[in-house]
Amino acid sequence: MFIQQVIGLIIIVCFIFRLFWQKRQNHINAAEFSFWLVFWVIAALAIIFLRQIDGLVRYLGFTASGINVLLYLGVALLFYFIFRLRIRLAKVEGEITKVVREIAINNKNYK
Amino acid sequence: MAKISIIIPAYNESASLRQVIKSIADADASWQIVAVDDCSTDNTAKLAREAGVVVLSHVINRGQGAALKTGTDYAIISEAEIIVHFDADGQFVASEIKDIIAPIIAGRADIVFGSRFLSKKSNVPWFKKRIILRLARLVNRIFLSVNLSDPQSGFRAFSRAAAEKLNWRQDRMAHCSEIMHLAFKNKLRAQEAPVTIIYRDFGQKFLGGVKILEEFFLGLFTK
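Read top to bottom, the protein sequences are chains L and U. Note that this note's numbering gives residue 39 to position 50 of the first sequence, counting from 1, and the numbers run on in steps of one. Add 1 to the 1-based position in the second sequence for this note's numbering, that's all there is to it.
None of these hints come from the bench; they were simulated from the model. The structure presented is a predicted model; accordingly, all values stated were derived computationally and were not measured. Keep in mind that a hint or two might mislead.
What the hints assert, rightly or not - Here are the computed distance ranges between Cβ atoms for each label pair:
hint : chain 1 : residue 1 : chain 2 : residue 2 : range
1    : L       : N98       : U       : K130      : 35 to 43 Å
2    : U       : A3        : L       : R77       : 38 to 46 Å
3    : U       : G91       : L       : N98       : 16 to 24 Å
To be verified - Computed footprint of chain U on chain L, listed as stretches where at least three residues anywhere in the stretch have a Cβ under 8 Å from a Cβ of chain U:
hint : segment
4    : 72 to 79
5    : 87 to 93
Glycine included, every Cβ here is placed at the ideal spot set by N, Cα and C.
Whole structure, please, built from the sequences with the hints as guidance.
In structure tokens form, the structure reads like this:
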């Protein structure tokens, strides 16, 4: 195992400890906890089995190394999450508008 | 006689609102004027109240599209038979409201869009006319199946039945394209009427057009 892999695993373990602490303090709900736990476990597995991922990537015909492919996938995933966030934000904005409209119509003002 | 509601969305329009309301009332005193104050920071709402029109106030700024929808919903509730959208900045000519509602009163159209590019002369800035609005027209044709001479007309009128079908959700500037798209999608009988636009500033800029596209694209995923 490379030193970089060990450092990566230590960082992930820190994040997992923090996750358990956040759950105990009720800062995050069960669904969020599960999502991030699965996320960090997959990340740890990816680091541990980096050599095998390299092999898989070569087998699939990619010229980049396993870590590069993981990076590309990570960026793609981030774009997807930002997009989801934008959609959720747009929905919330729409709901706010409905409330504002209701208030405006119910409080119409004549001189 | 059909009850006609004129909806004026207003955000910080104290400089022009009083004159706009007066010009509409002078054109026909029987029309109901509804000013929707979109949480202005100046005395727009106060001026509208003093002018004796119906004032609806947004407690948070929600954008022109949202203000128009608020006014339109109110007009439907108050049993208006024809609804007109009219800007508060003095760019439209109140005497042309009669021209824009005429095809609806005659039963020839469900919705009428004002157009800067028919017979009347508007002092549209060159870059806007030749580049931005041409691009907007192309986008409307390709992506929204809308084929109108003026792709961003804010001066429009529609019947009550049409208003009930035009449930636009774009709160900001993309409402213009969405209303056109919904009119065509719902197979409303749409017409254009020549109108005069008096330009006081450049209005929607190129980046504004990009923002409209972005808002419209996101809107496709928020049904």
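Between the beta carbons of L:N98 and U:K130, is the distance compatible with 35 to 43 Å?
39 Å, holds
Using a Cβ cutoff of 8 Å, are there at least 3 residues of the segment 87 to 93 of chain L near chain U, or does the coverage claim fail?
holds (count 4)
Between the beta carbons of U:G91 and L:N98, is the distance compatible with 16 to 24 Å?
Because 23 Å falls inside the window, the suggested range holds.
Between the segment 72 to 79 of chain L and chain U, are there enough contacts, at least three residues with CB-CB distance under 8 Å, for the coverage claim to hold?
With 3 residues closer than 8 Å to chain U, the segment 72 to 79 of chain L meets the three-residue bar; holds.
Is it true that U:A3 and L:R77 lie within 38 to 46 Å of each other by Cβ?
This hint holds: roughly 42 Å between Cβ atoms.
When held up to the earlier numbered hints, the structure conflicts with none and fits them all.
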